[in-house]
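*Asks:* Residues per chain, in single letters:
Protein chains: 4
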Amino acid sequence: MKVAVIGAGYWGPNLIRNFLSQDEVENVIACDRDENRLAKMRKTFHGIETSTEYEDVIKRADVEIVAIATPVSLHYEIAKKSLSAGKHCWIEKPMTVSVVEAEELIELAERNNLKIFVDHTFIYTGAVRKMKEIITSGRLGELYYFDSVRVNLGLFQHDVNVIWDLAPHDLSIMDYLLESKPLAVSATGSCHVGNGLEDIAYLTVQFENNLIAHFHVNWLAPVKIRKTLIGGTKSMIVYDDTEASEKLKIYDKGIEVTTREGVYDTLVQYRTGDMLSPKLEQTEALNLAAQHFIDCVKNDKKPLTDGTSGLNVVRILEASEVSIKNQGKLITL
Amino acid sequence: MKVAVIGAGYWGPNLIRNFLSQDEVENVIACDRDENRLAKMRKTFHGIETSTEYEDVIKRADVEIVAIATPVSLHYEIAKKSLSAGKHCWIEKPMTVSVVEAEELIELAERNNLKIFVDHTFIYTGAVRKMKEIITSGRLGELYYFDSVRVNLGLFQHDVNVIWDLAPHDLSIMDYLLESKPLAVSATGSCHVGNGLEDIAYLTVQFENNLIAHFHVNWLAPVKIRKTLIGGTKSMIVYDDTEASEKLKIYDKGIEVTTREGVYDTLVQYRTGDMLSPKLEQTEALNLAAQHFIDCVKNDKKPLTDGTSGLNVVRILEASEVSIKNQGKLITL
Amino acid sequence: MKVAVIGAGYWGPNLIRNFLSQDEVENVIACDRDENRLAKMRKTFHGIETSTEYEDVIKRADVEIVAIATPVSLHYEIAKKSLSAGKHCWIEKPMTVSVVEAEELIELAERNNLKIFVDHTFIYTGAVRKMKEIITSGRLGELYYFDSVRVNLGLFQHDVNVIWDLAPHDLSIMDYLLESKPLAVSATGSCHVGNGLEDIAYLTVQFENNLIAHFHVNWLAPVKIRKTLIGGTKSMIVYDDTEASEKLKIYDKGIEVTTREGVYDTLVQYRTGDMLSPKLEQTEALNLAAQHFIDCVKNDKKPLTDGTSGLNVVRILEASEVSIKNQGKLITL
Amino acid sequence: MKVAVIGAGYWGPNLIRNFLSQDEVENVIACDRDENRLAKMRKTFHGIETSTEYEDVIKRADVEIVAIATPVSLHYEIAKKSLSAGKHCWIEKPMTVSVVEAEELIELAERNNLKIFVDHTFIYTGAVRKMKEIITSGRLGELYYFDSVRVNLGLFQHDVNVIWDLAPHDLSIMDYLLESKPLAVSATGSCHVGNGLEDIAYLTVQFENNLIAHFHVNWLAPVKIRKTLIGGTKSMIVYDDTEASEKLKIYDKGIEVTTREGVYDTLVQYRTGDMLSPKLEQTEALNLAAQHFIDCVKNDKKPLTDGTSGLNVVRILEASEVSIKNQGKLITL
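Protein chains in written order, with the working numbering: chain A, 1 to 333; chain B, 334 to 666; chain C, 667 to 999; chain D, 1000 to 1332.
If you're looking for bench data, these hints aren't it; they were derived computationally from the structure. Virtual Cβ for every residue (Gly too), placed ideally from N, Cα, C. Certain hints may be false.
What the hints assert, rightly or not - Taking lysine-lysine and the DSSO-like style, the derived pairs with C-alpha atoms no more than 30 angstroms apart in a straight line are: (1) A:Lys224 / B:Lys557; (2) C:Lys893 / D:Lys1233; (3) C:Lys945 / A:Lys249; (4) B:Lys557 / A:Lys325; (5) B:Lys465 / D:Lys1233.
Unchecked claim - To be clear about the criterion: a stretch of chain B counts as covered by chain A if any three or more of its residues have a C-beta under 8 angstroms from a C-beta of chain A, and this derived list gives those stretches: (6) 339-347; (7) 355-364; (8) 471-480; (9) 554-568; (10) 657-666.
As the list claims (entries may be wrong) - Cβ-Cβ distance ranges computed for the label pairs, FRET-style: (11) D:Glu1141 / C:Asp940: 43 to 49 angstroms; (12) D:Leu1073 / A:Lys59: 54 to 60 angstroms; (13) B:Glu386 / C:Lys747: 51 to 57 angstroms.
Using the sequences and the hints, build the whole thing.
*Replies:* Right, here's the structure in full:
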């Protein structure tokens, strides 16, 4: 199997490295308009092929997978051409710049019996997989909220705002962990640089049963915070990705509600117990992701983070942008 | 000078203790409907007077200050009677349950030439006073944002939601630190207990010049977080009230925007430097607050946290509640 | 039952408060040479008796317990007189300035059928009791080491060095947690102020079976560290007393030693697993201690921290001082 | 310039990578007895030469520097042959297994007019260089103590104990930062595995003027601690190498000693002020080290970490081992 990686900028080299390390991958073809980048790739990854013309490469018979690591505005066009040429597609996050584009790609892939994989890398980390296991086991009880903060002094993107840059990570984790379907989005934000792109933003996502999710993304924070709180009736999780060890802590804490029969008052008390920080798998997430996609392609399985996952995230991103332009108005999904 | 403290529940004893420790205070009269609480007060604070009838006490000629530490729904009525009886008023936060009530009290106090002090205790801490000093000195540059998180596994109030319970702390800090006037509020939240009161909420406050403030308050968090980030063009502050020492950190960090003449592109880079954690004054905030109010009463000065400060906070609380009932709709202040 | 508390300086008031709160205690008599201190005690604890003449008080028939909170150099004399007068004795840590004194007091108490309680307060904290429970359960396996650090910018004692001031806390915890008997001590230290008292010191305590304990005590540290590591074959404990919550963490970590039969080499690997931070009891340790001692007195039980515990600690302190004067020479206990 | 790297196990590849990245280095020749390792090196570092016979390589005319990354027991022999062959030597830490060996190598290098560089990598980190700058500036005042803890669940060496494995890092930092000459060493430790090598140890190093240094090294700790405290009369440093940012904190704290004239007593008070965490250089230490050594070789300069630095560390290691075998006896250096 050969893999074409389109885009050899910031993230592309990570894809090349991880695809090369897969037993099933015979070789990688790196594509970029910039010949300097390709020269660098040839030096770093001895023996790989390179090309400045991705359109030629995606038509090659020996290429089975096309991995797209270009600016997000180009994802749709390249994925469409690749799917049309009969190739399975690995698309970086966010999948596309709009719901319409994502839906079209999903439909095209289905029609051609091809797989789309969206690179929501965090889903393949030990921490997120452990949280999925815990939530699925019922240990948290009924879920109350999902609260995420992802802030730092950021490298500025020139083409997208902080929501499209940072929120896909947390939205994809939410999409993976929560069974419920998000109903509506409200977002606020602000931009402080002349480019008109928000550099700080807050998203609220509403679900059924009073489940609420909230996201704080910020390129202007002096410290790096990557913290997610997940609260349930029985226990609660703190996931801190900046911790070297003990990234995940499960608190046997919660509230107890006693509604006395025939009585108006509700008695609410809190309950505290032990905290457990489970051992996490250490395998590199991107490597697991590449392995998983190859397995899906070879054995005709549905990827964990398929086009629908990608679409779910894009749908919220798109709605957030509408809401932010409308001063926090609630946008139904 | 004698001080009447109305309400001897959770917070009242702190007021009694701190007023008793002031040189100018001859004695304190503790008032509460509950005789058991009064008995406890007499035991703890030997020599104080007590009464179950506050209306009698506020009419006494020897009482100069009435301090109100009852549930918030009673603040207005008691303050109105006290001001009408010619007494200066110390009112716990939040000042009242509505803007209308707060405005009426302010007007009544002015007419009677009396002082209102709203107990925004945090304003009198070493950390907040140091932040004020730093911001006033221009060290942060132009302000970008004020972001605050105040969450824990909370004791549940039966009469107000989490916004009215926790947000006054942070809103009063914001009101004190920022020179600009808030323009509008958008809020979201959720309740998970049968009492219909939000136990988790998010507020966005909009200002001129793209300054944005945001508040996360939550009674259902397994860990205690009290963290405020304040970002400016030149440097940024992290204020972590759970830290025993080093509550305040000032980062010589920021972004640099270069707009090249005649060129479409804006170049944004970040800049990092030293971090300074200044020594903070350790005096108990409530003691300073009591001392400050007595000074204002005796020397006819305007309290730092007067009725207007209280009103500013109530205005945002009220607007938040409207917004939350309207799904995050932007409410102009 | 009446309790005489001798010494109303730094720690005495805590004893008075905690004895007063016991149901069995009718009243407390505070004794101090300094009448000003006694006046302060009468103001703080309304209704207590006071006296400048402790020798009269310990002879009173209505006094059952004498609690000694004077400088350590006076412990022996006052305890001896109290035991001779037929009173049970609560002695602050360290019990005495020498092994000889401690042994004499123990013998005197036994002869007179009286109880000695040494105030190793930490033994009554939730954290230390939980550690005892864990170690007793066998969860740690065989013990390897006990390592303790207790440093901060300290208030300087004028009569004892940093070892006698800070190490009794950790030595008493070690004495309580470890079943083995210490065999020998080696200590080093240094003094930097003209008074000739060490302000920084390191103690190593040797046990059988290669169990080793080490203590770092320091009055010149810019940060407060209170951290104990306890390592065993099966799991390991980190006890951090500066943590507000999560003071105790139990790591399912250790090493695995495989000695291949007939082969010279030993294969050592490490093993990592989950971490658990158990819920701890929050009751004030000193209150539990007072309650426990009264129970022992009334029901003729042996206190958990009796004269022998006090002696065990003094024996190591004394040996440490000899070792430090002899450049770290190993002193057999 | 060509560089021969002897030993392609754990650390060798880092040397190869960093030497290859130097402009002055034409190529690297990797030497190892194990052909599999060499094959791996050829794959990772395309274009490098490899050899199983280091003795041939060090005689090659085109080789100017020999870098030795073998087990420490082989350092002396290989370095001696390399120096005899006229090559400059880079030796991993610890330099040799004995003082005698280190002295002989230094003398041999001097005689042949060659450079020895000992790879005390930490000296080239931003944190240590900043500490040197601070101490040299006099900001700490007179030094009181140097206290270091380096513990974790360690990979076990089969040939050396925990002192020879971990302490060279901290001893080299101490040697670099402190101007004073160490006078004597006292050490204690324990071993818990059948190989007879200490896995936990404590070293005290004595200096003139009551300056004291202490080192805790431990392979059996459930958490990773890398913390150094340096105390002086004027301010104090905390260096925590596990911190991602803010590795260095300088506390404007200390003690003030007032000796009243004609009075026996000394009054000691402590003083607290601001804390500063300076920005640190981020360049990879090993890269700077390689660059520095090449500069020394080309321009005949004395390396910052030369043979004498290596010898200073070995001298303390050797004395520690003697002390530990003699139960903590003070060994004069």
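*Asks:* Determine for every hint whether it applies to the structure shown.
*Replies:* Against the structure, the hints come out as follows:
1. A:Lys224 / B:Lys557: The hint holds at about 19 angstroms.
2. C:Lys893 / D:Lys1233: Holds, at roughly 26 angstroms.
3. C:Lys945 / A:Lys249: Given pair C:Lys945, A:Lys249 holds - Cα atoms ~14 angstroms apart, limit 30 angstroms.
4. B:Lys557 / A:Lys325: Not satisfied, since the Cα-Cα distance of roughly 34 angstroms exceeds 30 angstroms.
5. B:Lys465 / D:Lys1233: Since the Cα atoms of B:Lys465 and D:Lys1233 sit roughly 29 angstroms apart, the hinted pair holds (cutoff 30 angstroms).
6. 339-347: Contact hint for the stretch 339-347 of chain B vs chain A: violated, 0 residues under 8 angstroms.
7. 355-364: violated (count 0)
8. 471-480: holds (count 3)
9. 554-568: holds (count 6)
10. 657-666: holds (count 4)
11. D:Glu1141 / C:Asp940: 43 to 49 angstroms: holds (47 angstroms)
12. D:Leu1073 / A:Lys59: 54 to 60 angstroms: holds (57 angstroms)
13. B:Glu386 / C:Lys747: 51 to 57 angstroms: For C:Lys747 against B:Glu386, whose Cβ atoms are near 55 angstroms apart, the range 51 to 57 angstroms holds.
In summary, the structure is inconsistent with hints 4, 6 and 7 from the numbered list given earlier, while agreeing with the others.
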